[in-house]
Every structure is written in C-alpha cells, then in structure tokens.
Amino acid sequence: MTADRIRRSLGARLAAPAALVGAVALTGLVVFGTGTAQAETTTTAGSTSAYEGPVTTSTNLAGGTTRTTPTTSATSLTTPTAYGAGTNAVAQPAVATALPSAEAAARYEAPSNQDGLYYRDLPDAYIAPGQALYASNCASCHGTQANGKEGVAPNLLGLGAGTVDFWVSTGRMPLANTSAQATRKPPRFNRTQTLQIAAYVQSLTPGQGTKVPVVNTASADLEAGGELFTLNCAACHTISGAGDMLAQGAYAPSLHLATSTQIVEAIRSGPGNMPHFGPGNIPDTEARDIAAYVVKVLQHPQDSGGYGLGGIGPVGEGFVGLLIGVGALMAICFWIGDRS
Amino acid sequence: MIDKSLRWIDDRLGIAKGGRTFLDKIFPDHWSFMLGEIALYSFILLLATGVFLSLYYVPSAHEIVYHGTYVPLQGQRVSEAYASSVSLSFDVRTGLLMRQAHHWAADIFLGSIAVHMARVFFTGAFRKPREFNWLVGVSMLILGIVNGFLGYSLPDDLVSGTGIRIAFSIIESIPVVGSYLGFFLFGGNYPGSGVIIPRFFTIHVLIVPALIVGLLAAHLGLLVKQKHTQFPGKGRTEKNVVGTPMFPTFIAKTTGFLFMSTAVTFLLGGFAQINPVWQFGQYQPYQISYAVQPDWYMGWLDGALRIMPSWEWVGWGHTLPLMVFLPAVVFPGLIFTILMAWPFIETAWTKDREYHNLLDRPRDRPKRTAAGAAMLTLLLMVFFASSTDVLANFFQLPLEAVLWFFRFVVPLSPIVAYYLTYKICVEMREAGEDVGERKRALVVKRTAEGEYITEPSLPRPGDGHVELDAIPLPTFIDTAGPELATPGGVRRVIR
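Chains A and B, in that order, give the protein sequences.
Every number in the numbering used here is 842 more than the matching position in the first sequence, counting from 1.
Every number in the numbering used here is 15 more than the matching position in the second sequence, counting from 1.
Here chain A stands alone, though its shape is the one from the complex (with noise of 0.2 Å):
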C-alpha cells in the first residue's frame, strides 16, 4: 500500500520534469555533438593510403613519366577509403597519430620526397576521357573552353589540376545551389575520374596555375604544424577545426573531413574566401606540416575528458552545463523537496 503510494507519486510527479530535462539534455548532445572530431585515436604506425604512402610509385610520376596503361596508373592512384561515401569515419584513411619513429622516418625519405610533398603532373591519357566528363557535366556552366561564363561561372583557364581537384574531390563541384558558398558534399566522380578532368582542365594551359601534390605526412613535423595552423588558419577555422560563420554568407569550413591532399590545394589555390599561400609564404614542407597536424591530430585527437561537445568551445559547455547540470539537481531539488 505505502510502497505503491509512493511509486505512483515519484512517477507521476517527478515525470513531467524528468522528460523535460531528458528531453532538452538529449537535443543539446544530438545539436552539439553533430559533426565532432570524436574519431577512436588511430594507433597505426604508417600510413596506409597508397595515394599518400608509397614513395616508390611517386617517384616514377614525379618524374614525369606518362603511364601507357591508364587501368594500372589508376589503380596505384585510387584511394577507395579516402574518397567513400563521405562519413567521417569512413571517409579518412587510417593514419598514425604517434610521432614516426627515427626508422619510420628514414624509410620514407626518398630522395624525390624530402619536403614530404611535392607535385606531380597528371598522365596525357587522362585528358581525352577528361574532356568528355568535363564536357558532360561541367561546360554548361563553365563553357566548352573553360573559360567560364559571366555571372554564371569562374574561369577555370590557368587555375590549374589541383584547383580542379580541390573542388571537384571535396564535392563541391558540380554545385549543388547557387547559395553564396558552395558545400561540401560526397563527391559525385571516383579519384580516376576527378584527376581525368583535373587533367584535361590543365591541359587547356600547361604549367599554369596549382598542380595536384602528393603529401607524405609520415615525416611530418607535427609541432611545428600545430603552430603554424594557429598563426595562418585558427583566425577562421577555429582552433579545433570545426570551422564558422564568416561575414556575408561566406563560412570557413570545417575541417574534419578534409584529406591531406585537399588541404595543400586549398593552400596553394585559396578556393572561395580563402587566402591563397604561395611557396614564399607557406613553403612545401610547412604546408605538409599543417596538413598532417590537421590530419592526424584535429582529426584524430588525442582526447581525454569524455564527449567532445562538438568542438565549439563554451557555448555548447555552457548548454550543458546549465541544461544537464543545473537542470538535473533541480530535479533532484523537486524530487526531494516538498512540493505542495
């Protein structure tokens, strides 16, 4: 009798606070825990994307050599985990975190990779079956020529492979909507495809503009890229990398699915708002420096202290704290607390 009483009271009073708070707690983890770097700390010593790894392919395409057999060349190019569905747990390769060992590092300095990264040129086989997806899905806005159109299209003439890539591997081209920036989204071409119409792009003006880089972050001075994403590219992508709002509808994106390619050609390129980084300014090796801190430590933090809250610093703190802690002990306040 009185331990019914009781239940019946502590469920009917204490439900309507319970599914609030709960309700309001559960929001805030859904709102801010979207989109965090939460990733599981990667513990695999070397990396295995071969895009990324191996010094020995590159080496015969740094040299400039054109591939006869595109199937082959394609096959040691292809990165199938990097450019996935387009989560972020599937969408990056698996890459160390821990410093390289003084063996690691040896193994990977080829004499063509001593900065870690260098910049290839895309095989002429590549520009014929480029021109046709170009043509197919990117001249009704650019033009036949490239050259863009008037208040529809920039100019792709001498940007260059690796501005191609950047837009066309992160998905943001082709464009979804005319909005003031365009989003990443899961690519729409596999990396064959990408570079083919990277490569027929250059073709239109050989030597110009940013080409495609090959980034080993293997070597990569983690340190010295952690300062250096702190002095050139917290001021808009914050610190953790979450990206923001910047003025005008323009946002910094965020930077948690970003490979280690991708990021030196938004270096080198300056898409959108972004400042462009010459070699003056930023040389090769700081801009691998930046991209394996990126990579390997923003990515894949090395974390302590429980769920990330987004990475947005004390505004979503504050929301839990206020919400969850202070929501909670009120509960407990109106749980113990007589209400009449």
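Source of the hints: derived by calculation from the structure; they are not laboratory data.
Hints are supplied without guarantee of correctness; some may be wrong.
As the list claims (entries may be wrong) - Take a look, some chain A residues computed to stay more than 12 Å from chain B by CB distance: (1) L999; (2) N1074; (3) Q1144.
Stated by the list, open to error - Estimated spans, in silico, between C-beta atoms of each pair: (4) A/D1180 - B/A232: 42 to 52 Å; (5) A/Q987 - B/R92: 21 to 31 Å; (6) A/G1114 - B/M338: 41 to 51 Å; (7) A/G1114 - B/F198: 39 to 49 Å; (8) B/V228 - A/H1118: 48 to 58 Å; (9) A/L1017 - B/R214: 47 to 57 Å; (10) B/F423 - A/A1022: 15 to 25 Å; (11) A/G1114 - B/F423: 53 to 63 Å; (12) B/R92 - A/G1114: 29 to 39 Å; (13) A/W1177 - B/D379: 22 to 32 Å; (14) B/A232 - A/W1177: 20 to 30 Å; (15) A/P1121 - B/F105: 51 to 61 Å; (16) A/Q987 - B/F105: 52 to 62 Å.
Since this is a predicted model, take the numbers as computed values, not measurements.
Idealized CB from N, CA, C, for every residue including glycine.
Could you slot chain B onto chain A? The hints should help.
Just chain B, lined up with the frame of chain A:
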C-alpha cells in the same frame, strides 16, 4: 561513550544550548528553497577540487620547452602555467577529472546562484528584514563571476588569453583612469611583464574565495538569525515557521543532496569534456582562434560587446571608445546597480515598511514579476548574442543578419516580456483561488423514482492539504530530548 565525551566538551565550551538550537532549527520545506543549496555544495566542491589543482598548477608565465605526454605539443615553447595545465590533464592521476569537475562546478555554481536568485526575487524573499542578505547574495554573484573569469584565464591557453586581452581593453576604455589601471594590473602595456598569471592566481585562489567564504558565512548566519521565509498556507503566519527540524529530517535530506550534487558534478567531469586546453595551444598575443566565447556567465558581457555599433568620441586630444566603454563597463555596472538596489527601489515604490516572512506568489505581484521577467529576457538575449558566430554557423545565416537581429531583439524583447508577463499574472490572479486544484468529478445518479441528480464525487486521497499537529519547541535544555512523535513531523516555532 558519545554522551560522555559530549558532556566533557559541554562542560568546557557550553555547546549544548547552541547545539540544541541548531539541531531543532526548523526549515520550511519546498523544493525551490533548496536551489541555494546547489550553489553552496558546488562551492564546497570548487574548494575541494581547487585545492587539488593548486597542488600541481604552476602560476608562472616563465617559458619552458614542453616535454610531456601530449605529443603534438612536444618541443614547443610554452609557459609553465600552460605546461602544468596540460600535464594536470594527462600526467597527473585523476588530474583531468578534477580539472573538469572544477570547471563544471563553476558553471553549476553560477547557474544555481542565478536560479536561486530568481526564486528569491519572484517570491519577494528580499523584502524587509532580508535586504542585507540580498546584498550579500548579489555580492557573491559578482565575486563568483569575477573568480570564474580569473580561473578560466589561468591555464594560459589561446582561448582564455583572448579573454585577458579583451579584459585589458575593457579596463583601458574607462575614461581618465583606464590606462593607468590597466598598466598597474598588468605591470605595463599589454601583455604586461609576465605578472598577470601569478597575480590572477593569487586573486583566484586566495582573495576572492576568502571573500566568498566570509560572505557565505554572513549569508547563512543571517538566514539562521532571521529564519527562513515560507509560502503562505494552513497554519503558516508571519509569526511562525512551519517545517521540518534540522535533526533528523533536514540534515539527512541536505546531506543526501550534497552527495547528489557531487555525483552530478563528477559525472559531468568524467563524461563531458570541458575546456580541452591541450587542443588550443599556448596563448600568443599575435595568434587568435575564431569561435571564442567566454564561459556562460560572462556571455552576457561578451554579447553586449558584440552587438554594440562601433561608436567612439574624439575630442580635446582624447578618445572615448564608447563601443567598449558602454557595453562592457556601463552596462554591467547598471545591471548590478539595479540588482543591488532593487529592494530599496521596490520599497520606495510601494511604501511598504512591514516585516515579511510569508512569500508572495509571483502572480500576486504582477509588476515585480514582469520587471524580473524583462530583466531575465534582456540578459538572456544579450547572452545569446555572445554566440552570434555559432548561431550563424548552425542556422547557416550570414553573420551580419544574426548581428542585426540581436541589435533589434535585445532592446525590444524585454518590453514584450514585461507586457506578456504582466498580462499573464493579472489573468492568473483573476482566475480565483482554486486554480490548479484538482477538480472533483460530478457523478450523475438516477434515483429509484427515475429522477436524475448530480452530486460531487467523494474526495480522493491527497485532495486537500492535511496539516500535521505541531510540536511545541522546548524553551529549555531537557536531557531527555524533545518528544518526537514522528520523525519528520511538522513543528511550529514561535518567533
């Protein structure tokens, strides 16, 4: 044994009389009366965790090379303050839990003060004779905000360093004395001569906590002396206190509540990350991160700064930066003055000079309730304005649109809130006394003659307030102890 030792102490110190009074102290029971206890217990937690942190934290701006376990920082030149904060998080056992619990406790401390204060305000508990306690409470709120800011600054990371930079500019914006004050505090022009971290440390761990402890003692002492207020109800008058005694009822409840507050704080400390300073890096005056906000209790100051148009006044060889001075000095000054002076403003308005031990229902004082709602709305809107960038990013709106939205909403929303609250209160008051009481069902019955009649159903259990018999408090020390009919029974004290 216990009896013997207590008697031994009593023979020397005479604690029995005071102890009896304390144990018999009557606390009116209502859930909203416990909100202040959240603040009390989070303050205790702040002291406890803070002592732990101070054992490891090094308050020094001296630069060293970091060689801890956090890999991305290794080899960087950082201040000892920052290095020790990071090593507290990674190398000291339970260090991160303590750090995070300390930070969450600070957020909860100030949040519960705000909620407690709202309860006191809306129920009129600040009226004569309790104006002093209101002043003491507001002082603790201000000290809490100041100390929160100082503590937030101590790790010397990029985000908090930005806050110190803003603080320096705010001090500088004060006419005439500003630059002298800033130079005095920082030991020179910004960033100063490396004295700011040790100075903040001393203020944070020594001066302000000592002040808060003193004020807290005064707050509780006044509460004991003036006795707690109570809501009007059966058997409750201006001259008595109806509630449960300190021992055994209230002490069990409040001790349990201490444990629950501790649990909530440490659960947050363990599961929700707060202020991950290792991600931010050492503060350098030439570096900045976007999306930097202060902790929530400073948010309303930051928000006012953000939405202020960039006005300044130049004349007689001096510049008065109104865009900083007005929102960051005048605005909070005005708010705190209104808070402090409210009991006296209200007395001047109502000409009410009576003692008040019974609380108001908010609806019965529509103008006060509306004024409080307007103030809360104003502060809430300025608070939201401090996250313009995050809101713009979340809703995918241009930053300027959000800024201009707040420039209109901040001055307009209090007016709307005042009007709406006033109307609601008046409406509720006119609705009558039985509003909110459980309705009695009407039962339609058919008599033997075929006549239909309606009659109210029998009262259900719990309908109507059942008052327990009061137990008179003994006026002398009786060795047998008071007759406790039922533990937790209601007793009546004659004031």
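Status of the hints after comparison with the structure:
1. The non-interface label for A/L999 is consistent with chain B: the shortest C-beta to C-beta separation is roughly 31 Å, beyond 12 Å.
2. A Cβ of chain B approaches the Cβ of A/N1074 within 12 Å, the least distance being about 10 Å, so the stated non-interface status is violated.
3. Remark: the non-interface label on A/Q1144 conflicts with the geometry, its nearest Cβ contact in chain B lying 6 Å away (cut-off 12 Å).
4. Separation of A/D1180 from B/A232 is about 27 Å and departs from the stated range, judged on CB atoms against 42 to 52 Å.
5. The given range of 21 to 31 Å is broken by A/Q987 and B/R92, whose C-beta atoms sit roughly 53 Å from each other.
6. Checking the proposed 41 to 51 Å range against A/G1114 and B/M338 shows it is violated: the Cβ atoms sit about 30 Å from each other.
7. A hinted range of 39 to 49 Å holds for the C-beta pair A/G1114 and B/F198, which are about 42 Å apart.
8. The hinted range of 48 to 58 Å is satisfied by B/V228 and A/H1118, whose Cβ atoms lie roughly 57 Å apart.
9. Remark: the range hint 47 to 57 Å for A/L1017 to B/R214 is upheld by a beta-carbon distance near 54 Å.
10. One distance hint, 15 to 25 Å for the beta-carbon pair B/F423 and A/A1022, holds here, with the actual separation near 23 Å.
11. The hinted range of 53 to 63 Å is not satisfied by A/G1114 and B/F423, whose Cβ atoms lie roughly 30 Å apart.
12. Our hint of 29 to 39 Å for B/R92 and A/G1114 holds, since their Cβ atoms are close to 34 Å apart.
13. Checking the proposed 22 to 32 Å range against A/W1177 and B/D379 shows it holds: the Cβ atoms sit about 27 Å from each other.
14. Roughly 29 Å separates the CB atoms of B/A232 and A/W1177, a value that falls within the hinted 20 to 30 Å.
15. Roughly 36 Å separates the CB atoms of A/P1121 and B/F105, a value that falls outside the hinted 51 to 61 Å.
16. Separation of A/Q987 from B/F105 is about 57 Å and conforms to the stated range, judged on CB atoms against 52 to 62 Å.
Of the numbered hints listed earlier, those contradicted by the structure are 2, 3, 4, 5, 6, 11 and 15.
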